[in-house]
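There are 2 protein chains.
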Amino acid sequence: MMVYETENDIIVIDTGFMLPNADMPGVDLILPDIHYLVERKEKVRGILLTHGHEDHIGALFYVLRQLDVPVYGTQLTLAIASGRLREYNVLGKAQLNTVAPGDTVELGDFSAEFIHVTHSIPDTVSIALRTPVGVIVHTGDFKFDMTPVDGKMSDIQTLARLGSEGVHLLISDSTNAERSGQTPSERSIYGTIDNIFQKADQKLLLCTFSSSLHRIQQFINLANIHRRLVAVTGRSLINNVRIASELGYLNLNPDYLIDARDASTFKSHEVMILCTGSQGEPRSAMSLMALDNHPFLKVEHGDTVVMSARIIPGNEKAIGNVVNHLLRRGAKIYHERNANVHVSGHGASEDLKLMLNLLQPKFFMPVHGEYQNLMRHAELAESVGIPSENIKVAEDGELIRLTPETCKIFGREGRSGRVLVDGKPDIELEDIVLRDRIQLSEEGILVPIIVLHSDIKADTSGTDNGGSSENMPTGIGAVDEIIQTDLPPKTGLNAGQIEIISRGFVYMDKSEELIEEAKEITRRVVENLSDEQKHETQVVQDEIRSALRRFFSKQMQRTPLIFPVVMRV
Amino acid sequence: MMVYETENDIIVIDTGFMLPNADMPGVDLILPDIHYLVERKEKVRGILLTHGHEDHIGALFYVLRQLDVPVYGTQLTLAIASGRLREYNVLGKAQLNTVAPGDTVELGDFSAEFIHVTHSIPDTVSIALRTPVGVIVHTGDFKFDMTPVDGKMSDIQTLARLGSEGVHLLISDSTNAERSGQTPSERSIYGTIDNIFQKADQKLLLCTFSSSLHRIQQFINLANIHRRLVAVTGRSLINNVRIASELGYLNLNPDYLIDARDASTFKSHEVMILCTGSQGEPRSAMSLMALDNHPFLKVEHGDTVVMSARIIPGNEKAIGNVVNHLLRRGAKIYHERNANVHVSGHGASEDLKLMLNLLQPKFFMPVHGEYQNLMRHAELAESVGIPSENIKVAEDGELIRLTPETCKIFGREGRSGRVLVDGKPDIELEDIVLRDRIQLSEEGILVPIIVLHSDIKADTSGTDNGGSSENMPTGIGAVDEIIQTDLPPKTGLNAGQIEIISRGFVYMDKSEELIEEAKEITRRVVENLSDEQKHETQVVQDEIRSALRRFFSKQMQRTPLIFPVVMRV
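Protein chains in written order, with the UniProt record's numbering: chain A, 1 to 569; chain B, 1 to 569.
No lab work stands behind these hints: they were computed from the structure. Be careful, since some hints might not be right.
Since the list can't tell identical chains apart, any single copy or any two copies may satisfy a pair.
Here are the simulated lysine to any residue pairs, SDA-like style, with alpha carbons at most 25 Å apart [claimed, not checked]: (1) K317 with E379; (2) K298 with P148; (3) K408 with N324; (4) K353 with V569; (5) K408 with E300.
Nothing here was measured: the structure is a model prediction, and the numbers come from that model.
Build the full structure now, drawing on both the sequences and the hints.
Written out as structure tokens, the structure is:
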């Protein structure tokens, strides 16, 4: 998400979400922190979308719940975005405005022109913003595909014209800045896939992202040529194929489409199954098939599986596991590392230089990528002649001031960055909860619970044991008794029932002895406290905790998180 | 770890450990399950080691604790292995026997010949086992480096002689089976590193595995040429450099060695720092420097960092984070993806085919790799003429029977596979504890605690509320009272104090209201139970759990793990 602001107006480009890494257990979604916008909500004139990928539109439902502003995007982008808006009940109030490449929208101090560019999803645009200080071009995701599957080239003419007229600031996609050369055309994989179709004599499973519609178009074309019926499985894939077909972005003869539930009733060499799960997601069709857990699809000996997608860093292990399981079932597997079955939708070094040279901007900011990609993109900009002092590498939350003469990072917005979501997206998951989760998972938890009750028949000589008689509030105690008659006298506190709950530390069914010993230690700790100490819950807890820590670290050389609870009766 | 067994004798080749993945929170080490060996301990004649990498020797301390058997390995391998044996107090009783390439050791029915091969650590051997059914060659890790740094080629002559005499079964390293061509020589990176030395005008930090002694030798040679002093940091690296220098496997002039603590007292262009942390390990020198947390080393603007190691799948994110932080500090970074600074120690397809062709085995088993690597290695074997029915792809725990005529997988050892260790290596971490940890980390935990006490002044009309009077054991209750005189009457149980402990679910300091409401729900649940139900702890727990689940899933759309505790007084 990028925010552009003048004295009077704010516009927003893209509102995406991120998926969590393995080091964020139980986090479902990462959304942008939009406090900055909510605090200035009366200035926000609109949200502009560049294309229909979740990392650009996925947070729209969340933003529109808090900001009632118009949204502008191309037909396919808005159609895909509508799905999630409906799911979260914000579609009704959303003001969605369809734009086409070439259109211009006026939003307060800004005028936004939409320019078609090629990417892995159709109907992608870059945005040229006319602002009081000059023209800003925000590329969004792009590559220069010279032979796009849908025949629609990036609008190089418009980009060149903007360059001639003068671009003040270019903000460009850095995803593949570290790759040399030019990203090959989407069509470049066609031959390999065609060959795989020719060799496949049983079921053919093609796995890609549900939004890779150019890829899906090529698969469907090849299925027609090789006389295979097409079965689509996976909710997002079915939705996107339906939307794209209805809007004419996908050319699919419905006669060749079969229900995936019926796939097994056809001969295996007559079927192509289109599915998701290229990242080894545990609940995806592909993972379920790999473990033979899919309700109605099966991978059998001799079947062919094509994982036609990028291996996203961090997912290698999960993908490797799926591949191993598919191989154990006797399938033949093609993936980006052993065959030319995937090509990126993001431009590599030469594409990025071409964009820089078309636009010849005065200032440049690389965005969209890890810091190392941004740095590399900055080097590329320098190599085509942008002075290094005119290149600004900024990170999430940083504030940049653009004037007719300067472009400077001048600060950082405190409330920015990410909002972690587990479950309901209105309820943020605090960072502290995430830290707790990680600690729980590394150490386990143990909750010793002790009932402390005042024994009416208590032997008062017991108070001597703790050596605390000198600290006893004797006289005051008597006054207490008079004032608070229904409280038990503050003496003779004894440890009653003791329970221990533990998870993620030891297997309790097999560690009865250890737990019994821990209970006994807890009891002894309490019994050895003076009555005064027993009245201080914090003291009781601390003493129990440290005694159990000593015990476990001696017995197990590790300790769980320990949270003692004192119940008083 | 591989076990070879005849009717009378068992020998073991290698005993390695694995490091845990991100999906194994709190696991420190993964050891081989050696129940099979312990049950047959009187048959075990010895352990043979191929080389000094942890995935081949790291479990020796654990195995020797349970088996009192001789160990055979080359000088460097045993020297490195001794470190951990000392650490775990098993060095004293360990029977370590140094062998040299060319030596043969007789162990019952087996005769083992050690054959030098090249790998990323010196003193690596393959092992030719003469057995009653024929010769088995176990390659261990290897590549065919034609220009090794230490000048010691793989012993192709001996391998060829074995091939001529007849090899019954080859068991070969599959790590790089999916890579085409031949793995380049260790020397192939020299030019690139030389160039980096030439360009570096400030501090130079070289990061590699502590066991990559050929790599370290090249770094040291270049430091001498470019007149940089060498500072080594990291315990394992310091140990290995010391051992290898003492034994003559590393040629290091001690005059050029400085203490890393003094590095900052020299001019930055006069220093080379050798460190670990190529995998982004959080407590490694490199990670600490990246975050400016290292006690005495600092990465500064203009410094050069070389990550001269493989990016192990699963570590991409962690490594990427370290790289990003180093870049933010203004360092120049070289790694395997942007420069030729690393080469593998494992043979690629053509090396593997050469091994197959040198030995011309009757039977073949690919080992050491993911299932996809084993499958690819099997294809390579077929491509050089091994009949597919003579190729066996087995996995951990499978039992293979080799006769003069056949090689068959005939079963699986039940107690085999991995032992997860957290803390003390004698205490295994049960799989169920690991599952608990993962669940804890994804959902968090909530422990509601309730005190149930029999109120002597209880209003008996309360039993009508639950509508349970018809279920009351009236007559029997009376008998109970007579028999168990010191038990409170089984009526009038009331909910006393209620506490809720929660971690990893909500941030308790900010969710007081939610927790108070949960307490109130817990109280109401208990109050609405009949007295009979209240006597059944399981019933009380189930009712509390399901009421809180309903509450949280409505309020938060997610629920923690809930473990209610009933304390009776």
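For each hint, the structure was consulted:
1. K317 with E379: Answer is between; shortest inter-copy Cα gap is 23 Å, intra-copy 32 Å.
2. K298 with P148: neither (34 Å within a copy, 49 Å between copies)
3. K408 with N324: between (50 Å within a copy, 22 Å between copies)
4. K353 with V569: neither (75 Å within a copy, 77 Å between copies)
5. K408 with E300: between (59 Å within a copy, 23 Å between copies)
In this structure, the hints that do not hold are numbers 2, 4, in rising order.
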